[in-house]
Structure formats: structure tokens, C-alpha cells
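Engineer: Add chain B to chain A, keeping to what the hints say.
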Amino acid sequence: MESLSRWIFAPRDPAEPIPFSAKVFNVVIVVAAVAAVFVLAFRAQSATLNWGTVLEYHLLFTTGLLNTLILSLGTLVLALPLGIAGAVAQRSRVLPMRYAAKTYVELIRGTPLLAQILLIYYVLFPAIRLDDKLVAGILILALFNGAYISEIIRGGIESVGQTQMESARAIGLTTFQSYRYVLLPQALRYSVPSLAGQFVSMVKDSSLLSAISVAELTFQAKQASTYTYSTFECYLILTAGYLIITLPLSALARWLERSLAYES
Amino acid sequence: MSVVIESIHKTFGRFNALEGIDLKVETGELVALLGPSGSGKTTLLRIIAGLEFPDDGPGNIFFHGTDVTERDAYERRAGFVFQSYALFQHMTVFENIAFGLRVRSRATRPSEAEINARVNDLLGRVQLTQFAKRFPNTLSGGQRQRVALARALAIEPRVLLLDEPFGALDAKVRKELRRWLRAFHEQTRLTTLFVTHDQEEAFEVSDRVVILGEGRIQQIGSPAEVRANPANDFVRKFLGLDDESELLIPSPLHEGSRARELDAV
Numbered sequence: 001m002e003s004l005s006r007w008i009f010a011p012r013d014p015a016e017p018i019p020f021s022a023k024v025f026n027v028v029i030v031v032a033a034v035a036a037v038f039v040l041a042f043r044a045q046s047a048t049l050n051w052g053t054v055l056e057y058h059l060l061f062t063t064g065l066l067n068t069l070i071l072s073l074g075t076l077v078l079a080l081p082l083g084i085a086g087a088v089a090q091r092s093r094v095l096p097m098r099y100a101a102k103t104y105v106e107l108i109r110g111t112p113l114l115a116q117i118l119l120i121y122y123v124l125f126p127a128i129r130l131d132d133k134l135v136a137g138i139l140i141l142a143l144f145n146g147a148y149i150s151e152i153i154r155g156g157i158e159s160v161g162q163t164q165m166e167s168a169r170a171i172g173l174t175t176f177q178s179y180r181y182v183l184l185p186q187a188l189r190y191s192v193p194s195l196a197g198q199f200v201s202m203v204k205d206s207s208l209l210s211a212i213s214v215a216e217l218t219f220q221a222k223q224a225s226t227y228t229y230s231t232f233e234c235y236l237i238l239t240a241g242y243l244i245i246t247l248p249l250s251a252l253a254r255w256l257e258r259s260l261a262y263e264s
Numbered sequence: 265m266s267v268v269i270e271s272i273h274k275t276f277g278r279f280n281a282l283e284g285i286d287l288k289v290e291t292g293e294l295v296a297l298l299g300p301s302g303s304g305k306t307t308l309l310r311i312i313a314g315l316e317f318p319d320d321g322p323g324n325i326f327f328h329g330t331d332v333t334e335r336d337a338y339e340r341r342a343g344f345v346f347q348s349y350a351l352f353q354h355m356t357v358f359e360n361i362a363f364g365l366r367v368r369s370r371a372t373r374p375s376e377a378e379i380n381a382r383v384n385d386l387l388g389r390v391q392l393t394q395f396a397k398r399f400p401n402t403l404s405g406g407q408r409q410r411v412a413l414a415r416a417l418a419i420e421p422r423v424l425l426l427d428e429p430f431g432a433l434d435a436k437v438r439k440e441l442r443r444w445l446r447a448f449h450e451q452t453r454l455t456t457l458f459v460t461h462d463q464e465e466a467f468e469v470s471d472r473v474v475i476l477g478e479g480r481i482q483q484i485g486s487p488a489e490v491r492a493n494p495a496n497d498f499v500r501k502f503l504g505l506d507d508e509s510e511l512l513i514p515s516p517l518h519e520g521s522r523a524r525e526l527d528a529v
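Protein sequence lines, in the order shown, are assigned to chains A and B. Residue 117 in this note's numbering sits at position 117 of the first sequence, and the numbers go up by one each step. Residue 270 in this note's numbering sits at position 6 of the second sequence, and the numbers go up by one each step.
Hint data in this document are derived by calculation from the structure and do not stem from the laboratory. Hints should not be assumed to be uniformly reliable.
[What the hints assert, rightly or not] A short list of chain B residues far from chain A (calculated; beta carbon distances all over 10 Å):
#1 Asp336
#2 Asp462
#3 Ala495
[What the hints assert, rightly or not] Stretch-level coverage of chain A by chain B, calculated; a stretch enters the list once three of its residues show a Cβ under 8 Å from a Cβ in chain B:
#4 23-37
#5 153-166
Ideal placement from N, C-alpha and C gives every residue a C-beta, glycine not left out.
With the rest of the complex left out, here is chain A (with noise of 0.2 Å):
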């Protein structure tokens, strides 16, 4: 009973590890629970799943793969110096940048983001005559990120607390000093959770650039599939391909979190 035990609860000091096989045995049943569910279901509409033709489109795969890899790299890259910008600018003293800022990310926060994605691709961009999907997407994404960032950031500031900010301008810090070497990294820490949700929804997102037929993983698929007629089998790959990235994703964040937690 003891030992069974063991398998299903985890120990009752919170700080205790739980044991290494334990968690196997859980995720293991978990992931086979739901496999059971989708087999189930496949059989139910007698549906029978072709890989064979599928996998001939293997290229197809691999370069969405790529593609939606790098179209989150260089959000991801854009897009947190572009929140933190905002977070700061919407507490400045500077009653214009301040607006700009809390302007921004009402727009972006309010509107769908397929809407931004076909607004700014086809009236803002060729206006100034980009025409690189690629380029286009990281830019669409890290705007409407950027916005969603600044808030988390925001928030993560204002939980840091005035008086860290006033010991640093009491002993001779500079507004922006004050910001680099006092708030902002403590923000960031309290920030890291809800930013690693908010880098896995940007993965996601990505998808929605399939509408301006951008090559990452989704408009892949959707050409497979009607390249094969194997909708199913398709999908399943673009499920696993992104659970490709956000899995690690959400593994680097726990890490994260981890590793910054305040000694004490």
C-alpha cells in the first residue's frame, strides 16, 4: 500500500523531490490516455491513416518547421526589447511618449491579430515597399507581442515597488540607470513565468501567417494536405511540430525560474 502510494501521490513536504520514476509513470499514462482517446475516435469513423504519401511531402514539412522556428527566434528577439520599451515608456514622465504607448497597446490588444496580419501586409508594407514574407511576419508578430510584453513587464515593475526605485536615486542613480540595473532585472524575474506563456502563444501564433501565405509550419501542412488528401496525418505532424518548439520553450522557462529565484 505504502509502495503504491508512493506511485500516486507526491510527498507531502512540498519541498521534497518527487521521485524521478513516479513522474515517468504519470506523464507515461497521461500521454497514453489521450493517445487512446484520438485512436478511439479515429476508429470510430473508420478512418485509417495513410502515411506513405504523406511522408513523400517530408521537405514541405521540415522547411514550415525551419521556417516557424525562425519566425519565432527573430519575434522573440524583437519583441522583448519592444515590450520593454513600452513598459517604460507608458511610466514616463513624458505625457507624449506615455500615450504613444498606452495607444499601442490598447490597438494591438484590442483588434484580432489576423486583421493586424492583413492590414499591415497589405496597406502598410507596401507602402514602404517591403515584400519579404519572412521579414514581414517577425515584424507583424513582434508588434503584437511587443504590446502584450509591455504589459507583462509593466506589471512585473510595478511589483518590484517605489522605494526600489527611490534607493536608486538616492544613492545617485539616473532614471535610466535606476531602470537598467534596478528595476528591469526585477522585473524580469517576476515577469518570467507569464513571458514563457506568452512565448509559447507567440509560437502559435505564427500559424496565422498562413493567410499571407508565409511558408512556416501551418500553410505547410495545409499544402499537404491537399496535396495528399491526408488531412489527418497531416495535422499531426504541425500538432508535434510545434509541440517541437514549445515543449523545450516551456522546459527553459521552469529552468529559468528556477535559477533566478532570490536566494534566501
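Structural biologist: Below, chain B alone, put in the same frame as chain A:
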């Protein structure tokens, strides 16, 4: 360095926190701002530090004759110790103290060796040498308080401002730190203002006591003067003198040292 405050007003919304404060603190003085909560004492201290700004109008603040009214806190070089300490959680004790020096522009920044020497000296003075590599979260309240003090002193402030410095500490540590502060002040003669609502603390430590109430200065004087001649009903009530009972205010710790100074003159 002397601090001169002229005709400072401060309102928060419709609440008058300060209604015309005039005060002169001489170089090397240790002055207590004493008053009940809501009397405006912390607001006054924060205005001196440049963390808060007085209402527009005739008010001015001078540091040793220089008008600093419009200067932000980071330009005033006033060491400020917060009631909540406000240590940088993400830095070690050593880095907390060193940081005000490290961020200076190349022209005014001491060398690495000088910074190390100064921080180590301060760590010794606040008796925290063995805690240099610890993070603030791992320290007790009294230890954090002393880190906060060392951090404020590291930038060689022109004036030291302490907001309820011993407020959050237990009685024994309060007493110890109080004595320590007085002894420290005897050594450095750094112009110091500290805010307290505890009259025992104010009378024991300071050269002069400024009693604030309802946004105005009710009385300024040495502990002995205030004790002997309360200026008005407010002071009498605040000090608990209105029932004409025996006063139980301790005699200042530094009476002896002041006598010695006078002897030397």
C-alpha cells in the same frame, strides 16, 4: 554641510501635509524630526532628499548655500535610509553598498581598489564584514538596517537622512542601534536628520528636536529645552505632559561628550 529649508508647503490632493516649514540645520548637527503620524515629518524628510517636491511657490531648500529645490534626488547626494530598507534584492550586501559608486561616470568613479577599500571599511563599521557575500533576504532586520545605512554612506553623502530608522526592529536591537548611531555621529559629524515618532528615541540621540504637528513646526530646541519649556498645548499633549505627571524621559546619551567639547573650546 548645512541644510536650510524656507517656507515649504506640500499638499496631497486636499490634504495639507506641510503648511510653511522653515528650518535650519547646522553643519554636523544630529536633528530628530519628531511627531505623531500624519504630522508631515516623513514628507519633510523626503522633500529634503528630493524624492518628493514641494508645492510651487516661494519655498526653497539650500544645501550649504546652494539652492537645490529643483534638483532631483540623484543630483543631491543625500544619503537616504528607508524605513523598509529597500535593499536591492538581486545584489549581494557588498554590491548593494558598492553600487552607488560603480554607476558613476568614469570621471567621478573611484578605482576598483578604492571602491573595495571603501566598502570593506563600511562593512567593518556596521559590523557586517562576514556578511559581504550574502543576499539581503538572508539577513535579519537589524542587519538589513545596517546594510541600508552603509549603502547610504558609501556615496559620501553631504547629509544623512533616516526615515524611522529603527521602526521595524525589536526593542533590544533598537536600543543598540540608537547608541551605535550616536557614537557613529560623534565620529563622523555628518549632518543628520532622522524621523521618528518615538520621543524617547528623539531625546536620547539628537542634538536638537524638531516637533512637528498638523503640518507645522510646533517647537525646535535641544532635548533639555523642549523638556523644560514645552512651547504649546500640542507639544505638552504629544509629550504626555498635560497630566502634570513626572516625566520619564531619559537623559541624552551624549551630554557627556558635549560637555567635553565645550571644555575643549
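Engineer: Minimum C-beta separation from aspartate 462 of chain B to chain A exceeding 10 Å: can you confirm that?
Structural biologist: With a cut-off of 10 Å, aspartate 462 of chain B remains clear of chain A, as the shortest Cβ separation is near 21 Å.
Engineer: Would you check whether the claim that aspartate 336 of chain B is not at the interface survives, using Cβ distances to chain A and the 10 Å cut-off?
Structural biologist: 7 Å, violated
Engineer: Taking the closest pair, is the beta carbon of alanine 495 of chain B still more than 10 Å from chain A?
Structural biologist: Nearest chain A Cβ is 33 Å from alanine 495 of chain B, so the label holds.
Engineer: Do three or more residues from the stretch 23-37 of chain A put their C-beta atoms closer than 8 Å to C-beta atoms of chain B?
Structural biologist: violated (count 0)
Engineer: Establish whether the coverage given for the stretch 153-166 of chain A by chain B is satisfied; the threshold is a Cβ-Cβ distance below 8 Å, and no fewer than three residues must meet it.
Structural biologist: holds (count 4)
Of the numbered hints given earlier, the model fails hints 1, 4; all others are met.
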